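Asker: With the hints as your guide, set chain B onto chain A.
Residue strings, one per chain:
2 protein chains.
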Amino acid sequence: MKKMKITALLLVAAALNAPLAVQSQEHPNLIMTKAGVDKIRNNLGQVPLFDASVQNIKDEVDAEIALGIDTPIPKDFSGGYTHQRHKLNFLTAQKAGALYQILQDDKYAKYIRDMLFQYEAMYQDLPVHPQERSYARGKLFWQCLNDSNWLVYMAQAYDAVYDTLTAQERDKLENNLFRPFADFISIENPQFYNRVHNHSTWGNAAVGMIALVMDDKELLDRALYGIEDDGLELGGRDNDGGFIKVAGQKAGFLANLEDPFSPDGYYTEGPYYQRYAMYPFLIFGLAMKHVKPEMQVFSHKDNVLLKGVDALLNLTDADGEFFPLNDGQKGMSYYTPALVTAVDITYQYGNQNPQLLSIAEKQNQVLLDQSGLAVAMGIRDGKAQPFVKNSINLRDGQAGDQGGVGVLRYGNEDLTLVFKYAAQGLSHGHYDKLSYSLYEKGDEVLQDYGLARFVNIGQKGGGNYLKENKTWAKTTIAHNTLSINEQMHFSGKYEIASEHHSDLYFYDDTNKNVQVVSAIESNAYPDTQMHRTMAVIKSDGFEKPFLLDIMKVKSERKNQYDLPFYYMGQVLSDNFEYQSPTVLKPLGDDNGYQHLYLEGKGKPSGSNTQFSWLGNGKYYTLTSATDESDELLLTRLGANDPDFNLRRDAALMIRRKDTASTTFASVIEPHGSYSPVSELSVNSDSSIAQLTLVRDDDKYTAVSIAHVKGQESIFILSNSDAAKSTQHKLKLNGKVYRWTGPYLYTSAL
Amino acid sequence: MKKMKITALLLVAAALNAPLAVQSQEHPNLIMTKAGVDKIRNNLGQVPLFDASVQNIKDEVDAEIALGIDTPIPKDFSGGYTHQRHKLNFLTAQKAGALYQILQDDKYAKYIRDMLFQYEAMYQDLPVHPQERSYARGKLFWQCLNDSNWLVYMAQAYDAVYDTLTAQERDKLENNLFRPFADFISIENPQFYNRVHNHSTWGNAAVGMIALVMDDKELLDRALYGIEDDGLELGGRDNDGGFIKVAGQKAGFLANLEDPFSPDGYYTEGPYYQRYAMYPFLIFGLAMKHVKPEMQVFSHKDNVLLKGVDALLNLTDADGEFFPLNDGQKGMSYYTPALVTAVDITYQYGNQNPQLLSIAEKQNQVLLDQSGLAVAMGIRDGKAQPFVKNSINLRDGQAGDQGGVGVLRYGNEDLTLVFKYAAQGLSHGHYDKLSYSLYEKGDEVLQDYGLARFVNIGQKGGGNYLKENKTWAKTTIAHNTLSINEQMHFSGKYEIASEHHSDLYFYDDTNKNVQVVSAIESNAYPDTQMHRTMAVIKSDGFEKPFLLDIMKVKSERKNQYDLPFYYMGQVLSDNFEYQSPTVLKPLGDDNGYQHLYLEGKGKPSGSNTQFSWLGNGKYYTLTSATDESDELLLTRLGANDPDFNLRRDAALMIRRKDTASTTFASVIEPHGSYSPVSELSVNSDSSIAQLTLVRDDDKYTAVSIAHVKGQESIFILSNSDAAKSTQHKLKLNGKVYRWTGPYLYTSAL
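Line order of the protein sequences matches chains A and B.
Mapping the first sequence onto the numbering used here, position 404 (from 1) lands on 441, and the numbers just tick up by one.
Mapping the second sequence onto the numbering used here, position 228 (from 1) lands on 265, and the numbers just tick up by one.
The set of hints was computed from the structure by calculation and includes no laboratory data.
What you were told as hints is all true, and nothing was included just to trick you.
Remember, identical chains collapse to one label, so a pair may be satisfied in a single copy or spanning two.
With a cut-off of at most 25 Å between alpha-carbon atoms, the simulated SDA-like pairs for lysine to any residue come out as follows:
1. K504 x G654
2. K367 x N653
3. K638 x D680
4. K112 x G747
5. K367 x G479
6. K581 x N93
7. K622 x Q607
8. K426 x G357
9. K338 x Q439
10. K478 x S712
11. K124 x D277
12. K504 x N653
13. K287 x I224
The structure presented is a predicted model; accordingly, all values stated were derived computationally and were not measured.
Extracted from the complex, chain A is given alone in its bound form (with noise of 0.2 Å):
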């Protein structure tokens, strides 16, 4: 430690344009550190879950080691042998670096060396990748994001063995292999690098952490500011319909960190994007930290990448998976190793949280290093506390201005809303303005489809994006919102929808019975306002608690309504008479709805329409308040879709014509339970026997909630004031009402 201290007082004492040859002096300095893996070592053997990290890694790296070292020349997309192996190759060294610090056995020097040479004999004259499609290619992969990844870990491999190289194998590794790299991602390809997004922050973080290990000032600023003049045109697009360059974009590491990122730590592509993002920003703030803590890039903006993590934990359900905003695969989750880091990393560099050792306990395994160990030791001394995820609302943009998402939990996750009402999220956002998902504890009730794409298997178009991401996933009518006219939210037009995000009319989760999250969304149809409340309510006489859904739309022109719920599981019951057709078809032509069949179509019985399913073993009911001259329509995905890219999800669709402004109210009603093992099917009946919209308004909406047993809930919304402190009073059916603040919700048993 004595060392170390010296080190951090230099440190301290060292001016910005000082050389960076005095910090960097020693290795390993990036994440690991000569005082961590002194202390690692003097622990080994007392500290179980990192022991146990430490013998699975070993198992892992001897078996690859045993292998023997592969470094074919390039030529598979992401689903192939040659993007696999690379990819392999560059774990394997960042963990066989951190087995070489911790047991001090030199085969794991040696294979890292030899790897490194492998690459350097073969990096001179690799020409760009044979695959085409990307428009940042790269040498060893097909796109120079996953080059990227490749420098962020060797980085690391390379600071562990610095020290056993000669100056003469660090000079030629530098020279013919990590400088031209580092150039390659950077200075020649600026519209990879030079940007806004996650794309970048893996350059960045590439080309600083090599920086940072060979001591290489030019390199850093590089990272951290981006290239000066990039030569890009405006207005270019990446493969993802993103903008490469817009007037004003700064770019580096340090613009990446600021601009993505809100106050409240959203990382404004969507949690599955922020995962992905999550490794390079800690990684390399964490060495920055190590080797240039006077920059503070780690607590940069706040210490917005500490609260990027907590945000991003609060983004999953009850199973750890993350909820899939935008373009997010189903079943990612706080599994994944950049989590395991980033839970290590909060825990160490952060405030101790017990609550993070209840997650690194499920994780299962800690980072090598003296976070990993931080956290090991206190799941052996027992500190570890349940993670509590409570309500919580985060807010978009850079200065947190730019709509958000808001999370209504009640209990332990029992019945979460997750509601979005976001900036557009970069190339990766979705059509989805006022969107939601729903889940009862780790199941999904009302889902989002998620994105359309088999991340790394080649069998499905590479393992790339596929059509029905745009055709489909990224669609308004995909989603649980309002579609108009059969239009796309901003007519599906990026550019345009880029500038714009819905707002916050208020949030509210002060009374844990009564949870509010309220937004208007103003720009996603010319002339059209939509006001989203939705509220999670447990109220007396219910078993489990609802979700309160109130869309209420103002248009001066007659529209076509359409408001989907994607229920998952099968459908129980309903109170509507509808016709099934014997012959399928598309429910229209583009928009995502040429993907839906239409299984069934009918009209509501009277002024309240119900459907119930059963999924997961526990039953649902939707009940919402329609018109006769309603349409209700059984949806089923999977039209025109010859290659089976999409499931074949169901929902419920209430379609409104013909109509201007409206307001449609509904309630999500979980109740009772079923199992094929008790074969007990417990409370599968609605509560509720009626909802009825009594008051809508410029000024006020009110929703009436009838208990099968006669008592009777009502929902006030003020349209007009959000205020906390205003004072309402409203008549109802000869009864008067008074409350202070935007909501009132009483219920007479």
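Answerer: Chain B alone, transformed into the frame defined by chain A:
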């Protein structure tokens, strides 16, 4: 213990025609015994799982006691309140009886007495149940079956509190409730009582249980031997279409024990119904063992009851879920209370197989009797061993000569084939000769659809069988077997199907790397023989075991053959061209075809068809030797299903038209894996380059499997001689093969 031994001596001395009085002088003696209760009480607090089970059941029963007793006037089907309430009453009363004996708290005895007298007061004037659907309506429930359930459990409750009641009280209960109840389900409903059927088993056991408690010889005879003159005419049908009386029909508990069980313990209706019938079989068998051991009912037919439990446990997947042969609800498993009973009793009264203890550990509960105590003590003492499921061939039919079910397992249930070549299986049987399902661990690779019913869910047809059970689930095309000319096996005629069964050709699991089952069906279609051979093979060069499927048909006439594969998962890739209609139409008009939409129609691109899918994170490839004139149909269930009673499951179907005798040869090959967390796609390509039928005539069928890396494997089947000792010699492609026995598998690397 002393007292018990004296009683036992007396029992042995008792002659068959001796009065029952001497044997039933002490209570409880039915399931719990006085000695058993003493032992339980002496061990309280010392056997963790037993103590936990007592506590759980105490919590349950105490909650019910706190709610108060309700015996509502019967009115509902199985999904409704009165049904559920009466069901919960008898379940709770039985548990309260056990608690009374164990805890000697009078409140439990009082609860049972009060409940019994409420029933006594109600029963005398109770009409038959108002719901009219059943062929044998009960009084408390819509069918006598459920009334019988009531009596089986209530007899145990009565036995437990027998000694707490006065003679007058007992007379009142027996004369006004129990005897009329027993008479109603037997002599007043012979069409229910006097059959060989799981319904009758419940009825017989119910009458027998109460007979033993009341010491009533007439009722006991009726239980064991049925009603001598039932007045039933031949040919009547029950609600499921099963015959009520056939010529020469026996009746009573012993007949039900004799007939549906094969000597191997396979129950002809299939595991789902065996699970249901097992409880009355075992519980009445055990009561007889306790009260009339000299009659040897429990060990009847060479211990077929205990063999039945073993068969049942072997008819589960790796998650303990029963294979859904015939009418079977998916998800039902050995976690059901009936299997707790079965496992505990089999452990105690069988040979104390320590492997049963590991299942009891998973069940995490034991019976509150001496068998449950023994199991819990065994677990406490560390005796539990893993329950190992091996390959097994279970013969069907009373004498074991009516076909059977072969289960081939590789490794630790890594691949499990369930091959059905059995008899019809009474009224719950499906028309699927030579069909199969395939599992990797607990996941279905190719499914058996199971039943079309939402058991006990009132919203779905009162929880009863849906019409889709007949129009889809029972049909031939709903199964992984051959349909000819779009007709069902035996034209879907139960009376014809019931007269036939398939025949085993041979079964050989001695070589764990090549396990084979082969059977012949000659009656399903006129003048047509189907011979199917299935082999689970683990071969060098293949990551996982695969299934080889040879279906050889002999027919004089030209037919259309449909061979479907109900794969579970999402289509990944294929090697053939197909057209995808934008409008979906049903594939046919009846026999199940009316429920299938055609999502794609193509032709083989050559002599091999390959088709891959991803299911549960694992890859699978079907490789089949096809003709260029074959049609390849991609189907999706759901047509003509207005109530959404069917799942939207998919199949690939090979259709061969205008063909007389022919052979289908295919391999189902599991390989690789995919995880949405690691996003690693491993071994997603088939290892098979080519599958060829190299010889196919009356004597031999030979299939060659060429590996992508070059080696070739050959499977040769002798079609005319299944003898183990026969020596064969065959020349193929210039090479001479010699072997002994019905098949050869050889792999040349």
